[in-house]
Amino acid sequence: MNVRRTLLSTAAALGVLTGAGLAPTLASAQAPAAQVIAADARTGLSGGLHDAGQAASGMALEYSVPPPPGFFDPDALFAPPRNQAEAEAFQARMRANPKYGPLALANTDMAMSDGKLFLGNFNGFNAYDVTDGAPRLVMSVVCPGGQGDVSVHGNLLFMSVEENRARLDCGTTAATGEVNAERFRGVRIFDISDLNAPRQIAAVQTCRGSHTHTLVPDPADPRSLYIYNSGTSNVRKTEELSICTDGQPDQNPETALFSIDVIKVNLDRPQDAAIVNRPRIFADSVTGRVAGLWRGGRAGIASQNTSQTNQCHDITVYPDIGLAAGACSGNGILLDISDPQNPTRVSDIFDPDMAYWHSATFNNAGDKVVFTDEWGGGIGARCRAEDPSTWGANMVATIENRTLRGRAFHKLPSAQPDDQNCVAHNGMIIPVPGRDLMVQAWYQGGVSVMDFTDPTKPFEIAYFDRGPVETGKLFVAGSWSAYWLNGRIWSSEIARGLDVLKLVPGPNLSAAEIAAAESVRADTINPQTQMRVSWPDSPEVAQAYLDQIARSPAADAALTAQVQAGVDQWRQSAGARQGSAELAAALTAAAEKATGADKGRMTALAGMFGRRAG
Amino acid sequence: MTLLPGLLLAGLIAAQSAGSQTPPIFQPGAPGAASRVITPGEAVALSRSTFTGDDVAFMQHMIVHHAQAVEMVELLQTRAASPAVRLMGRRIALSQQAEMDIMRDWLSQRGQPLEMPGMSHAGMDHSAHAGHAPARAMPASDTPVMPGMLSPAQMQTLAAATGPAFDRLFLTGMIQHHQGALDMVDALLATDGAAEDTLLSDFTNSVVSDQSAEILRMQSILSDL
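Chains as they are written, first to last, in our numbering: chain A, 491 to 1104; chain V, 20 to 244.
Isolated chain V (complex conformation) (with noise of 0.2 Å):
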């Protein structure tokens, strides 16, 4: 299908429509208030939201935000030593990776960038990228590019290490990192008139879900090490 030929979207409507026995819509009030009766143009229109500023910078920023954790689970492949911690990591690179398909969804259905200005690639700070870790001469820097993400510094250290010490410093990373998540989310429903979307509430909603679960995941296998 491309997209739905509008000849055959009217036809659909039509033939709803014309079936004369469909009854009336109704929408209620207030509790103990009469209903009224509505068009079906009118209930359409209810179920439009919009979004706002605020919510596209957190879909932009938690592209940005996740891609961090991806790039970590590619440290792990070389670096971890726990079977556990491998298989954790399995699981959040390929949730991670999925939502940021949800997300870049999100923002090119509604006309957005995926990449805020400012944000782009060529404008992060290089040493982030840990996998590429920059000449020594340039120590990297304790700020991370926003927060909830792990500092420049912090994914050097966790490029440098191996074995069980980078698996306990991958977990207490990625719980770090999850947090920051959550924290995220936390801002952007306290910012006004945002996350009204209902695609964007239903996506924070399992952010913190899965992300809570595997914040607590985490801590068992760390415990455990």
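Okay, chain A solo, but in the shape it has when bound (with noise of 0.2 Å):
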């Protein structure tokens, strides 16, 4: 077991740091100090479905796409009744029709391919063509069973499906029952190739159902692809699925907790898929004991029959450094996946303050990994003014050696009411060269962009929210995911549908910046397979470089002039190259008294230069 260590937080702020026989890894005076949510544009908004006020600051809502016909339900929107008449005719309502699906509608998890966007839904998925203005709606597709998150690849659509009411057949009637052989829980695979004509063509069953999975590329074989299922739920009784058993391990070395599921996919014959391994990924390196990850403190809890992390929610692999984050409901943890169908624990790391490890995201380099906590599961408002800054946040932790080590928290920036459901949920990096900035869903509160290019100082610099559903009585909606796919932030409305944003330029973000973020482009984009972005030698991303680093408190103005002008002289001719190499030296020189990122983005501006003057 590795020693693990404390990220001094509120725990330090209290001065309760438990862990007396670890060395606390930030001295006390470098501790970061607690956000403070105070109320500020987003709190007060006013409330409605379509016409909810709005705030924004730093990006634009350029179209806001209502859910398609079939996917929206008017009875599932309630308040409760204010007066005896309302009671009434509730009460004979419900007698009618005791069918009511809230949050049966709710959309969720998107992917990007072949100019389209996947946006999952509890009741199946949508596609939009995206490749020009207003997304438009080009196919629906309804099989219930949530939470459908959704990946791409080539004509292939998987979706994830966890509660116990799907069926394999997409159908019409609940698989009801503890064993019942129509159910199904695990993953779907959907052949998407023809949109008038979509078909389910294989459903692997998994134990745990699946909440999320992950896409992972196999680097010895183009031709087949391996998912990663992530599954939270209860364990399936083994006469409807004779893989499956529970327990504790101690009990029952078979048990179905304590592993994810690697599922293989040849995409030759991808109706054969079927799962290949469950590692023990949370076992004990040295001892092997299935449930290795933390049980208790250092004297040692560990033969009580109590709950423990035996489950990931949601893991992010980023093939190009082989490495995996999960973050897995008690632990965030980092997986060599060299060998993808083996997936190996090279790290993991505990903190107090994080309730439920949600998910992960490095960013560019690598060597970091933002966690985040989905404190009371996305239903509630947790994101109130008395709620601890560092309690359903976000951890941005680094990698150091293979190691995971927590830096600092960072909250949604806005106190929000009591009406909005809010915590960290899902988002992605920006790729603007030279910073590490995440966009990100907090469900009500809203869509928040994260510059955490320091690690130890995370800060907010752009944002998008709306008002509550009704001001004054929570109703579950609010942005799910907020991904940057090829050059616009997507948010998936739970309640209102699809919204898509424009960054805007700012104090805290240039033109050049944005610019060279939306010049990165790819063809298929799963937020949870992560890929290295490399940006051209060119004038803009040679500017953006130079506004970081005259946004610097510590800017040498004279050298910043000196390479504006060259930046100029690049947009004016590409072939006007005199001076380049002067500026590389004078960079270079300048690169090696510089610290931080600061160091980088010179670094990075004199190997263009250098390039350039050939």
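If you're looking for bench data, these hints aren't it; they were derived computationally from the structure.
Only true hints are included.
Just a sample of chain A residues kept apart from chain V, beta carbon distances all over 10 Å, derived: (1) Lys947; (2) Pro1029; (3) Asp1088.
In silico EDC-like links for lysine to aspartate or glutamate, alpha-carbon gap of 16 Å or less: (4) A/Lys727 <-> V/Asp205; (5) A/Lys963 <-> V/Asp120; (6) A/Lys727 <-> A/Glu668; (7) A/Lys727 <-> V/Asp211; (8) A/Lys1089 <-> A/Asp944; (9) A/Lys754 <-> A/Asp708; (10) A/Lys963 <-> A/Asp908; (11) A/Lys1083 <-> A/Asp1046.
For every residue, glycine included, the Cβ atom is placed at its ideal position computed from N, Cα and C.
Assembling the complex is the task here: the two chains are given apart, and the hints tell you how they should meet.
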């Protein structure tokens, strides 16, 4: 078991550093001060389903696409009766039709491929053509089962299904009972090659269903693909699925707890997709004990038969660096995925402020991970002024020698009232060269962009938010996922549809930085399969680095003027190269004296001008 | 916004369907089978799930169960010694109160009473409320009001403790209490037809994940006391 360190945070502030036997990682003086979450322009927005008040900074809403036909249920939006007459009418309605499904049409996760955005939903998925202008609906598929996390590879769409009521045949009657041969919980595979004839071609049953899944390319074979499946629900009965047994590993070494599922898809025969491994990624690396992750303090209560880290909620893979970051209920972990069928844990962390490790996002360099804490599961108001700023927040961690270390917390810096469900949720890197930026969904807290270039001092640089569905009454809604996909922020709004947002320049983000990010394109983007971004040598990218250097209080005005002249010359004429070599030398010299992110920016600029000089 | 005016809704839906470019809605079949085309009304109907008496009883029970955690944290205000225990208690109280709101909303949105018949406040054994422990003449019961809760006797012992002894009792008691919630979820999921309601299904998942994580944290604090 590795030594785990406590991130100094609330715990430090209260003087309760519990790990007396552990060396604190940060001196108290260096411990980042906890954020104070205050009211701001987002706090008191007016309510409304389609007409709520809005606030934005550093970004602008470009398109808002309401849910398509079949994906909106007016009956599911309901406020409790306020008087006797309303109460009686409601009782009568419930007697006539007890079927009632709030959240059952919630929009969830997204993927983009071949000019189409795929928007998951508890009841199926929708596809939008996004090649030009406003998103245009091109396909709707209904197949209930939640939560509908989607990924795309070529003509295949993968969907996570976890609810007990889900059926193999996307059916009309729920699969009921403790054991039901028609029940489906796992990963569905659809053939979407013909938008006018989508078909389900495979359904891989798993023991704990599929809460989320992650596509993992096979470095050795482009015709095969792996899926890491994270099931968080109860274990199915053996009578329903023979590979499944429940229980603690002490009593049942074969337990379906304490593992993820590795599914292999032969792209030539996707209908044969099957589980090929259920690795014990939480096992103790020395003893091999299956329940090997943190179960107690230094005195050790590992013998107690109680709950612990036995599942991942979400795994983000970064094939380029051979690592995956897992957000696994009670711990954050790092996996070596160089052999994708056999992921092995190389690091893990625990922190008393993290209630539920929910998702993970690497920075582009692969030396930082942002873990989110979905304290409360997303259906409650957890961004109120009285909620601690280190709970339900992001934890920025660094990776050194393949070891995770927690550095700082960052929470949405806006108090959100009782009527808005809010906690840290899904996000993605915005590829601005020279900076680590992440756009992220906070449910009804809206969409927020965090700068975590300095892992000890994360801060917000842009946001978009709406008021509640109804003032004074919490209806579950808001942004489920907010991703940077080919030049725009795409936000799946649980109740209101799909939002498209554009970054706008301001003091914290320049036009060149935005242009550099917008220029990054990919044919297929599955946000949990992270791809390394590289930027071309161009005047825009050079300007982005320069804007960052100039923003620093320590900027050397003479040097920035000199570089600006070089960038201007480049913009006017790609062939005019005089002075480039001198500029490269000046930047190299300055980089030697610089520290932090500016050092990297100057080095990158020196490289660009050096190559330009030829 | 009040309840969405019917007219506005009708307008919204009409505007959506009026776009003649809207593609059909497919409902796939089992793997290998063809898809069929369904109407928007059928699509919405597919999203609707029903709920059972067991679901309702689960929510009603869980409200009572959570109320005990809040009561335990109230005791903590004047009795706990460890700042880590206080912090933990604060987190638990915030979580359990918020979850109680969700459960009450779930019940009232489905036209169900918040309390089970016979489970009303008046019907409960008052000695369960350790904060105002009754006279010694009536020894508190060793039997909890329902499975997964602390017994009235345990609550009295907790209320009588202070300092490090309280911290230890609080943590062991709260671990037992949280384990009770996990057992309640397990029992619900083993019941025919239960937990098919999407919000309830999501809620039970959050109860399991949050309370498992809190148990982990409490074990950690306990071992460091």
